[in-house]
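Sequences listed follow chains X and P, in order.
To convert, note that position 180 of the first sequence is 180 in the working numbering; the numbers rise steadily by one, no gaps.
To convert, note that position 3 of the second sequence is 3 in the working numbering; the numbers rise steadily by one, no gaps.
Treat the hints with caution; some may be incorrect.
To be verified - Dumping the calculated DMTMM-like pairs for lysine to aspartate or glutamate here, alpha-carbon to alpha-carbon at most 25 Å:
1) X:K90 x P:D209
2) X:K90 x P:E200
3) X:K90 x X:D129
4) X:K26 x X:E72
5) P:K316 x X:E95
6) P:K316 x X:E130
7) X:K63 x P:D209
8) X:K90 x X:E169
Keep in mind the hints are simulated off the structure, nothing from the lab.
The lines below spell out each chain.
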Amino acid sequence: MLRIDNVSKRFGGLVALRNITLEIRKGELSGLIGPNGAGKTTLFNVVSGFLRPTEGQIFFDGKDISGLPPHELAMRGLVRTFQGARVFPKLTIRESLRIAGHLPLGRGARRQPVIPDVLHEFGFEKYADEPAGSLPSGVMRELGIAMAISTGASMLLLDEPAAGLSAEEVANLQRVIRRVHAAGVTVWVIEHNLHFLMGLVERAVVVDAGGMIADGLPGEVTRDPRVIEAYLGAEAHAAG
Amino acid sequence: MKPIALVARALPYVGWLLLAALIFVPAYGGSRYLVYIGTLIALQAALATSLNLIVGYAGQFAMSHAAFYGFGAYASAILINSAGLTFWWSIPAAMLAAAAIAAIIGYPALRYTGGVYLALITFAFGELARLTAANWQDVTGGPMGMRITYAPEALFGFNFANSRGMYWIAVAMLLVTLAVVFFIQRSRFGRALIAVREDEVLASFLGIDVMRHKMIAYVISSALAAMVGTLYAPMMSFISPELLSVHETISLVGIVILGGAGTLAGPIVGTFVFLGIPELLRIESLYRLVVLGVVIVLVVLLMPQGIVGVANRVLKRWQRPKPAPPPAEAEN
Chain X
1 MLRIDNVSKR
11 FGGLVALRNI
21 TLEIRKGELS
31 GLIGPNGAGK
41 TTLFNVVSGF
51 LRPTEGQIFF
61 DGKDISGLPP
71 HELAMRGLVR
81 TFQGARVFPK
91 LTIRESLRIA
101 GHLPLGRGAR
111 RQPVIPDVLH
121 EFGFEKYADE
131 PAGSLPSGVM
141 RELGIAMAIS
151 TGASMLLLDE
161 PAAGLSAEEV
171 ANLQRVIRRV
181 HAAGVTVWVI
191 EHNLHFLMGL
201 VERAVVVDAG
211 GMIADGLPGE
221 VTRDPRVIEA
231 YLGAEAHAAG
Chain P
1 MKPIALVARA
11 LPYVGWLLLA
21 ALIFVPAYGG
31 SRYLVYIGTL
41 IALQAALATS
51 LNLIVGYAGQ
61 FAMSHAAFYG
71 FGAYASAILI
81 NSAGLTFWWS
91 IPAAMLAAAA
101 IAAIIGYPAL
111 RYTGGVYLAL
121 ITFAFGELAR
131 LTAANWQDVT
141 GGPMGMRITY
151 APEALFGFNF
161 ANSRGMYWIA
171 VAMLLVTLAV
181 VFFIQRSRFG
191 RALIAVREDE
201 VLASFLGIDV
211 MRHKMIAYVI
221 SSALAAMVGT
231 LYAPMMSFIS
241 PELLSVHETI
251 SLVGIVILGG
261 AGTLAGPIVG
271 TFVFLGIPEL
281 LRIESLYRLV
291 VLGVVIVLVV
301 LLMPQGIVGV
311 ANRVLKRWQR
321 PKPAPPPAEA
331 EN
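Excised from the complex, chain X in its bound form (with noise of 0.2 Å):
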């Protein structure tokens, strides 16, 4: 579903992504992981159309959408949410989930959300009429990933949807990530934390240092020697 071919970004001397290539297969529900700084973001900027690719092509759905801007992704289905929880702080959850539906409402729509109803769906009614800054981070989350779904996405880009959340939030989140699966968009989650991932995802690929070092079922590449040396070693510089 979408293919990434060898694709590099620099910004000036830096190089951010080294010819990464892989292919995410439609249905899938997979991870971005690798240490801070590793590229995981460029790389969803790159693919979400926020940046332009230096080197390389994207395929998304068999077409060549390497440059394009992010409407013209979402509408192909393409849509990405933001690190942290990026939503319209004073429109209501109900204004929000309004403007995301733009696309589907529209004469040329081309996809339905394959939720219909996603205020009923996450449970989002006894918030429905506050504004979305109000809300708690969890439901903050929650909220981009509805608005994301509300436009009609066939695939999902979620960066770090987790950080900050507690326990039970980061529970919550799991199972809205997992019905939006089951409901059949593809999935692509960067996630600093591995816990999270793990139990969530079947598939995991991981970065550092702008190239990709492994890719494989969430088991086996936290056994790969040179993951465990890449966090292990962004662990104790950090600790030192």
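Position chain P relative to chain X; hints supplied.
Only chain P this time, still in chain X's reference frame:
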């Protein structure tokens, strides 16, 4: 339903009915002065309402509104005097020309997120337009301005050439502008504009073509300003380059913020306050601006959503059934 909720529900309609009633006052009861003031208020309210589309809904600080207003006045006057158009045909012609210019200005100005570029480019365009009007002697009459001798022609057997006729044109322009904003506010396009105002990046990732939405809002808003300008010329019988001055735009932005940016009624309420306070106070014109300045500063500091924004919030609170009262505190 609680009585207060009923009142809260009815109040907005009462407000619009009040406006409808006010519209008829100059038409029947009015002295010449009342008709003149009524026309001025209707034009100003229409102008503020059209500016609200780009400033209030799309959140883009375009500083070219008075320039398009003045452009409408000049373009219509020139087309009538030199090209022999009727007043009525000069309206769509001026609007189309303004829309084309807005599209040309808007393309470079609206491409970037962040209001500074837009404010600067549209400000520069406004000054350019004002200087053109002041210096292109042969066409515009230069800094001395242009005397307007034509009047709107009779239409459907109704005489529009006198001040009362022009008052009705001003009212029609206000209603057209209100209708445009009303339908945009209710539409998918209008909701997308609000998303653009709140967060351009998030909006684009939800599939909204931010540039296109800002552009359409700017073009419509500018064309409506030109429409209002076409009536200003015969109404005042005189136009001058001062009409295009950026001060006018800033007053308009003040009116929109005062009344409530991004609300349908805001610009109308703002206009009444802006034109009404000085009339009521009947003070030296020098101090009027001081009083208005103080009012605007207070509104921005104390209620940034403007008069109507705050009223809407209060009404919404009253409309909703009260949540269960908190447990009684110790009585003391």
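*Hints the structure violates: just list their numbers, smallest first.*
Violated hints: none at all, because every hint is consistent with the structure.
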